[in-house]
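In the order they appear, the protein sequences are chains A and B. Residues in the first sequence are numbered from 1 upward in steps of one, following the working numbering. Residues in the second sequence are numbered from 1 upward in steps of one, following the working numbering.
Just so you know, these hints were derived from the structure itself, not from any lab. A few of these clues could be false.
Listed below are the simulated SDA-like cross-link pairs for lysine to any residue, each with C-alpha atoms no more than 20 Å apart in a straight line [said to hold, decoys possible]:
id, chain 1, residue 1, chain 2, residue 2
1, B, K172, B, D397
2, B, K715, A, S87
3, B, K715, A, I86
4, A, K154, B, K715
5, A, K150, B, D725
Calculated Cβ distances over 12 Å to all of chain A for the following chain B residues [unchecked claim]:
id, residue
6, G46
7, Y108
8, K179
9, S181
10, L246
11, V450
12, W513
13, N542
14, W730
Far from chain B, by Cβ distances over 10 Å, these chain A residues were calculated [to be verified]:
id, residue
15, Q70
16, A103
17, V126
18, R129
19, G143
20, S146
21, A147
22, K150
Predicted model only: the values in this text are computed from it and were never measured. Beta carbons are placed, not taken as given, at the ideal position from N, Cα and C, and that holds for glycine.
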Amino acid sequence: MSMYNQVPAPIGGSAQSSNYPAQREPAKVETYALDDTEPTEYITQPEAVVATHSPAIVALLDGAYQYSEQGQYDMAAVKLERAVRISPRNPQVWHELAKIRMAQQQYEMAISLAKKSNLLAAGNRVLQRTNWLLIADSFNYLGQSSAANKAKIKAASLF
Amino acid sequence: MAKPRNKQNPPKKQIRHRKAKPSRHLFRVFLIRLSVLALIVIVTYGAYLDYIVRNQFEGKRWELAAHVYANPVELYQGLPLTVKQLETLLIDLRYQRSASLTSAGTYYRSGSTFKIRTRPFDFFDGREESKSIRIRLSNNRVGSIQNIRSARSVALLRLEPVQVGSFYPSHKEDRILVKISEVPQTLIDGLITIEDRDFYQHYGVSIKSIFRALWANIKAGGVVQGGSTLTQQLAKNFYLSPERSLWRKIKEAMMALILEFHYEKDEILEAYINEVFLGQDGARSINGFGMASVFYFNKPLIDLKPHQVALLVGLVKGPSYYDPRRHSKRALKRRDLVLDEMARMGVLPVQQRNIAKRYGTGISSFKRFSGSRFPAYLDLVKRQLSRDYKEEELNSDGLNIFSTLDYTLQTTAEKIFKGTLKSLNKQYGIEKGKLQGAMVITRREGGEVVAVIGDRNPEFDGFNRALDAIRPIGSLVKPAVYLTALSKPSQFNLTSLIDDSSISLKQQSGELWEPQNYDKQEHGQVPLHRALTHSYNLATVNLGMELKVPRVKRTLEELGVRRAINPYPSLLLGALPLSPVEVAQMYQTLAGEGFFTPLRSIQSVSSNDNIALQRYPLSVRQVANPSAVYLLNTALQEVMTEGTGRSAYRYLPANYRLVGKTGTTDELRDSWFAGFSGDYLAVVWLGRDDNKPSKLTGASGALQVWSKVMRAISKQTVSLTQPEDIEYVWVDPSGLRANEFCADAVQYPYIKGSAPIEYSPCVGAVGRTLERAGDWFNGFIKSK
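This is chain A alone, in the form it adopts within the complex:
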């Protein structure tokens, strides 16, 4: 199914967001097919983390995983947003959302979501490292190699 328009509608009488530099998305850069770069292993081993989750979250993460396996990323995101409603500050859920956006080649959004996950993951070095790797990959796809390198260094420091 096609989903056009993935941008949230503006609230009230607000003006165009693009008038304000702070609200503007970073400029689009040429991106590359997913296969072109060597795979990095930012797919976490969620066992330890998931164990602390409620069955409801596990069920939703599982549903999201199955949808994304079939390439139905929007449906996967719907499941994950349900998880956000139940467990709003669960860094794993935000990380999974970042992965979905990455798979949809929405790299800026993937970076933002991974950063959000990182903020909430204070103390969880494994997840933080995984997030930084995802950020590094996203920057690579955006052609911003120096930002990507910085993110990689961050990830390495979390070993």
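Fit chain B to the given chain A structure using the hints.
Relative to the frame of chain A, chain B by itself:
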């Protein structure tokens, strides 16, 4: 078709006849020509009717209202939920108590155990089938959820959402389309028995029934019976005006023939079942058996029993005359007649007829929400959708709109809001009914709008103050000033001293601007956190002028304010008019710890046949340094414990660590409060539409509403995530570095490297040396 022409022709013929007497030949030629012309006209007209009939029958047959749903309730183990809350929820969803769970939409409670047979529902991400579920509550939480049949435990149970409103087509017809395969056979049998016995035999028009009707009418000396077939009735309802004339009757018959020529009996029957008018609910017209079933029995059509089906069939003759809600005796009599006829024709076993006749009308006391139950919220939904959909699409395509509204929360907030405004109005001696207000509540994470109130009487569909009351935000702007400062850790921290002394500035108009503190006092050198906590105006203006006003303007834009901002000094004290929803957007970034999240009232939209059309996904963007926001939020927590927001803790537990800010404008015209708990962000504005003073400060007005609502809805205390570059350092009241042994010393968070270096006299020489040694040691360890 030919008839009216002929009717007009005879006089013409006579005139011609007289004049053309000399030549019979000419007359014959003329007659032939006239016949050819008539034939052409008939054929053309027939083709035209054919076009009309097919065009509408094959195109979009009906304009369907769009339905807006609240966010569904999801039950899972551990969810805080009381017996009363769950029961209220089921009642709101129109579940009926039934010990045996006979059909979907029933439940049974014994003590704190519920058995529920859910209704199926098509969600955006798939269908939830009907299930029989056992839920045990213990200690005001969901203890377990179990599927009764499989005895397996269920991780997550999603109930169908409450429908909270509709966008109707201009004619206000409301219908739920049904397919012929979803129609009970008893309904089809009943309809045919009562309305058109030869339905499966005739070609659209039935000579037999015309004569039968004619005979009946002659006997009665007036029109008592129509000879129309179901097809004719459909043609009439579908294409023609309700007037009664011979010409219309002929047109109707022609259309019926055309319909029968092109379409199968089942297609015609299906269209009829969906088209027919079956009741009136205020301005809303109930059309089709699908909608009528819900309207009268609160059940899907397929679930109806024979006595219910017969009642609906009886309604076709006169929905208002036989209205079962107003004239139940009449409706019952008519129903029994339908049942008798069905039995007589052999489509209903006599035994079943006898059982059916024992029932009363069994009408549901509940009529579905007509129009909009939450007008301010629906207004927001409509505006957000109007960017992507045209007005006609919204009103006629039968869209399913899944909103982010929380039904329970909205209802709770409305009740408290209404009551509190009423008592404030009285308590402060404000002209009766003049105190107005608005409220917006969102989820702290994700930016979903869960409740909107736009009027002191929340159900009133009028001026929506939550979106359209653009009022100066007063001190609500101050967090932007302090965030601008705290984003420069080399210059400012929470304990930096700021000058709270009078200042006068020349305005653009040339006038002098001399702001004052609320208490008309100057407080001298005050720590930054205290200036914010007590909302000192002079300190804020001095700080803002040092930072430069355009820089503050930029911070506001980063936080999400998208209205044009004038970078005048008066901005620093809130000469910035915003609507409550815009304020919510701004504070959302603080609640999101530096991440901007666009507010959303819609999750997704699906088509009438449940095809996913569009999603409005969650998105975030980091716009402010989380460390600076952390410092600001810490200070805003102090607002609630020691400053202008203190009175919130009269309602909420002391461990809630609330974050918020009051706002009051000149002469008490506007009373604002914006803030968040662990799970919700809420903004309240109170004031008068005529902009006269409302006699309320942010604390005495808006905060009271905010606190009472938060007490009712919030379940989570605030936990702020401490970024890695934040350290806590002891400082004395003058802002010098201290330690835990110093009297009056307090710990404040600092961005690393920005804490005060100079030691307070209370730290002795030994202590100082030890601390430095400790620092050196820590640094040594780290560098390793």
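We went through each hint and held it up to the structure:
Distance check on the hinted pair: B/K172 and B/D397 sit about 13 Å apart at the alpha-carbon level, within 20 Å; holds. Proximity of B/K715 to A/S87 is assessed by CA-CA distance (about 13 Å); at most 20 Å being required, the pair is judged to hold. Restraint check for B/K715 and A/I86: satisfied, since their Cα atoms lie roughly 12 Å apart, inside the 20 Å limit. For the proposed pair A/K154 and B/K715, the alpha carbon gap of about 36 Å is over 20 Å, so the pair is violated.
For a cut-off of 20 Å, the pair hint linking A/K150 to B/D725 stands: about 17 Å separates their Cα positions. For B/G46, the requirement that its beta carbon stay farther than 12 Å from each beta carbon of chain A is met, with the minimum near 42 Å. Here B/Y108 stays apart from chain A, with its beta-carbon at least about 24 Å from theirs, past the 12 Å limit. Every Cβ of chain A is farther than 12 Å from the Cβ of B/K179; the closest lies at roughly 22 Å, confirming the non-interface assignment.
In this structure B/S181 is separated from chain A by more than 12 Å, as the shortest Cβ-Cβ distance comes to about 24 Å. Every beta carbon of chain A lies more than 12 Å from that of B/L246, the smallest distance being close to 52 Å; the non-interface claim holds. A cut-off of 12 Å between C-beta atoms contradicts the statement that B/V450 is not in contact with chain A; the least separation is 10 Å. In this structure B/W513 is separated from chain A by more than 12 Å, as the shortest Cβ-Cβ distance comes to about 27 Å.
With 12 Å as the threshold on Cβ separation, the claim that B/N542 sits away from chain A holds: the shortest Cβ distance comes to roughly 25 Å. With a closest Cβ-Cβ approach of about 22 Å to chain A, B/W730 is found to remain outside the 12 Å limit, as its non-interface label requires. The beta carbon of A/Q70 is kept farther than 10 Å from every beta carbon of chain B, the shortest such distance being approximately 13 Å. Remark: the non-interface label on A/A103 is consistent with the geometry, its nearest Cβ contact in chain B lying 14 Å away (cut-off 10 Å).
Its beta-carbon lying about 16 Å from the closest one in chain B, A/V126 satisfies the requirement of being farther than 10 Å from that chain. No Cβ of chain B comes within 10 Å of the Cβ of A/R129; the nearest lies about 14 Å off, and the non-interface call holds. Its beta-carbon lying about 20 Å from the closest one in chain B, A/G143 satisfies the requirement of being farther than 10 Å from that chain. Even its closest Cβ contact with chain B, about 18 Å, leaves A/S146 beyond 10 Å, as expected for a residue assigned away from the interface.
The Cβ of A/A147 sits about 13 Å from the closest Cβ of chain B, beyond the 10 Å cut-off, so the non-interface label holds. Every CB of chain B lies more than 10 Å from the CB of A/K150, the least distance being 15 Å, so the non-interface label holds.
When held up to the earlier numbered hints, the structure conflicts with 4, 11 and fits the remainder.
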